[in-house]
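S.K.: Take a look at the letters that make up each chain.
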Amino acid sequence: MANFTKLSFKKGEMNKKLAQFFNDMMEKGVVDALLSPMTQPKRGVMQTLITDSSHLKAIDPFAPVVPLNGAKIASSITTTPSGRKLAMVLRSCEIRALIELGKLRQANFEDVLLIGIDCLGRYENLDFLTLQARGETSESFLEKGLAGDTKIDDFDICGACKICEFPVADNVDLRLCIIGGGTDSLYIESLTSKGDHALEIAGFGIGETPSSRDADVKQLVSARKLARDEGFAKYRESTHGFDGLEGMLAGCINCYNCRVACPVCYCKECVFVTDTFRHNADQYMGWADNFGTLKMPADTMFYHLTRMSHISLFCVGCGQCTSACPNSIDLMPAFRTVAQKTQDRFDYQAGRSHDEEQPLTVFENDELVEVTGQVK
Amino acid sequence: MSEFEPKIVGFFCNWCTFTAADLAGTSRLSYPSNIKIIRMMCSGMVDPKYVLKAFLNGADGVLIGGCWPGDCHYINGNLKARRRVAMLTEILKEYGIDEQRFWLRWIAASEGTMLRDVANEMTDKLKQLGPSPFNLSSNRKDLTAMGGL
Chain A
559 MANFTKLSFK KGEMNKKLAQ FFNDMMEKGV VDALLSPMTQ PKRGVMQTLI
609 TDSSHLKAID PFAPVVPLNG AKIASSITTT PSGRKLAMVL RSCEIRALIE
659 LGKLRQANFE DVLLIGIDCL GRYENLDFLT LQARGETSES FLEKGLAGDT
709 KIDDFDICGA CKICEFPVAD NVDLRLCIIG GGTDSLYIES LTSKGDHALE
759 IAGFGIGETP SSRDADVKQL VSARKLARDE GFAKYRESTH GFDGLEGMLA
809 GCINCYNCRV ACPVCYCKEC VFVTDTFRHN ADQYMGWADN FGTLKMPADT
859 MFYHLTRMSH ISLFCVGCGQ CTSACPNSID LMPAFRTVAQ KTQDRFDYQA
909 GRSHDEEQPL TVFENDELVE VTGQVK
Chain B
22 MSEFEPKIVG FFCNWCTFTA ADLAGTSRLS YPSNIKIIRM MCSGMVDPKY
72 VLKAFLNGAD GVLIGGCWPG DCHYINGNLK ARRRVAMLTE ILKEYGIDEQ
122 RFWLRWIAAS EGTMLRDVAN EMTDKLKQLG PSPFNLSSNR KDLTAMGGL
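Here the protein sequences line up with chains A and B, keeping their order. Position one of the first sequence corresponds to residue 559 (the numbering used here), numbered consecutively onward. Position one of the second sequence corresponds to residue 22 (the numbering used here), numbered consecutively onward.
It is worth saying that the hints were derived from the structure and are not from the lab. Check the hints yourself; a few may be wrong.
Claimed, not checked - Straight-line C-alpha distance at most 30 Å; calculated DSSO-like pairs for lysine-lysine:
| no. | chain 1 | residue 1 | chain 2 | residue 2 |
| --- | --- | --- | --- | --- |
| 1 | A | K783 | B | K114 |
| 2 | B | K57 | A | K792 |
| 3 | A | K586 | A | K564 |
To be verified - Some, not all, of what chain A presents toward chain B, calculated at C-beta under 10 Å:
| no. | residue |
| --- | --- |
| 4 | M843 |
| 5 | W845 |
| 6 | F860 |
| 7 | L918 |
| 8 | L926 |
Beta carbons are placed, not taken as given, at the ideal position from N, Cα and C, and that holds for glycine.
Produce the complete structure using the sequences and hints provided.
M.R.: Here is the structure:
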């Protein structure tokens with residue numbers, strides 16, 4: 559049974575209203591701390607850990623920017639218990655990644671009230687700063703976005719967001735809903751008993767249900783799925799085979815920004831910066847002899863293929879890899895298309911559920927017989 | 022022009038397939054020298070990186086040999102290997118290397134003849150398929166012409 563509370567606000571006062579809501583939650587002791595996107599004193603919007611409710615007025619949960627996938631931040635403040643009750647405002651890609659990190663014991667949901675937001679997409683970090691300087695606000699973005707137009711001047715949301723079929727965050731306690739709400743209100747939906755409890759203590763009762771929400775969400779999701787399938791087909795056609803992959807990665811300088819930005823790149827220490835890949839000079843010379851040439855830095859293809867083998871089962875398609883690349887290599891479709899195949903193979907979907915076990919952590923005696931094709 | 026000789030890297034489990042290769046040898050069974058064997062302690066020890074490295078460095082095929090389900094010396098390393106192979110196959114397929122070049126086979130220590138048969142079958146298959154697309158990429162054509170690694 560859906561359980562909604564309506565928050566109406568005057569134009570330009572959405573964040574004020576949300577700040578009030580979180581203020582009530584903190585004052586009444588539902589949570590001790592809040593992690594939420596917040597306008598920074600200098601510039602931009604960043605995830606911010608707030609323990610003093612007097613600072614809540616600067617929060618901006620719907621800001622269309624994700625400087626860093628919040629799963630990494632959430633991981634860093636939940637892996638070891640702080641003993642404080644924490645609410646975290648995250649979007650779907652961040653929550654799905656966080657669920658995968660949780661399965662790897664790199665995040666903990668025990669003292670957490672997870673709050674998801676409806677997300678229409680994010681702009682690249684620098685684009686967002688430009689838009690913000692021009693006076694655009696989260697509200698102006700949402701108003702246009704809900705009408706189906708995310709383009710502002712020359713800027714549009716990221717490629718990853720345009721093909722994201724998860725505008726609504728699942729597996730959360732509370733959800734801040736803007737889809738189906740109109741431009742002067744948003745709805746807070748409770749999905750768990752933890753969420754119900756939080757709303758009750760904070761003094762919010764069950765209110766009206768947004769009438770067109772289900773239909774609006776469905777429409778957006780199916781449009782995004784269509785865009786995704788088209789995008790995948792286009793990518794597969796343009797980057798066919800190994801030669802195509804080499805072409806796409808030709809500008810890679812092994813800076814490893816993509817794996818730093820990747821929320822599900824889970825290794826504590828990446829093998830590519832260990833001594834395993836600190837080769838001796840004579841080894842480099844030997845490889846150069848074999849091939850006649852050796853492109854330096856070496857091991858570029860090896861690095862990207864290894865990352866695919868490590869994280870494609872957990873890839874949530876957030877597109878941070880593309881955003882992080884200093885040479886504008888669009889890695890997102892390369893990883894998302896591979897992820898589609900590997901996740902389908904095991905009927906797995908990254909971040910779909912807390913209970914589904916990661917495919918390489920379990921195995922059965924009688925399964926995947928087609929791999930060897932041998933039956934005793 | 023001489024017939025294309027595929028290069029196959031075999032990662033063989035010490036307790037079964039490697040012993041089967043030994044048995045094939047002592048039984049005087051002959052199988053193609055296209056397979057270069059690397060002895061592993063278990064098929065479950067084959068890191069996907071080893072397979073990627075083999076293909077990137079010029080292998081036309083990779084064969085992993087492990088114990089039959091239920092027979093693993095380490096109880097279940099072979100079952101983990103099977104999952105990894107399924108995952109890696111999906112990645113390699115996206116970039117032009119399909120299952121026909123990347124095999125996992127259960128070959129018990131006593132199955133020397135099966136080792137010979139699998140070696141023959143895989144070599145024949147790869148002769149039909151020709152060089153790995155990794156070797157045919159524009160950066161590496163020279164390598165294949167030189168006879169490879």
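S.K.: Is A:K783 close enough to B:K114, meaning Cα to Cα at most 30 Å?
M.R.: holds, 23 Å
S.K.: Below or equal to 30 Å on CA atoms is what counts here, so check B:K57 against A:K792.
M.R.: Distance ~39 Å between B:K57 and A:K792 Cα, so the pair is violated.
S.K.: Quick check on A:F860 please, does its C-beta sit within 10 Å of some C-beta on chain B?
M.R.: This hint holds: A:F860 lies near chain B, its Cβ roughly 6 Å from the closest one there, short of 10 Å.
S.K.: Would the hint on A:L918 stand, with a C-beta cut-off of 10 Å toward chain B?
M.R.: Hint on A:L918: holds, closest Cβ of chain B at ~6 Å, below 10 Å.
S.K.: A:M843 was flagged as interface toward chain B. Is the shortest Cβ-Cβ separation under 10 Å?
M.R.: violated, 15 Å
S.K.: Between the alpha carbons of A:K586 and A:K564, is the straight-line distance 30 Å or under?
M.R.: holds, 19 Å
S.K.: Next item in the hint list is A:W845. Is there a CB on chain B closer than 10 Å to its CB?
M.R.: holds, 8 Å
S.K.: Is the shortest C-beta separation between A:L926 and chain B less than 10 Å?
M.R.: Holds, about 5 Å.
Of the numbered hints given earlier, the model fails hints 2, 4; all others are met.
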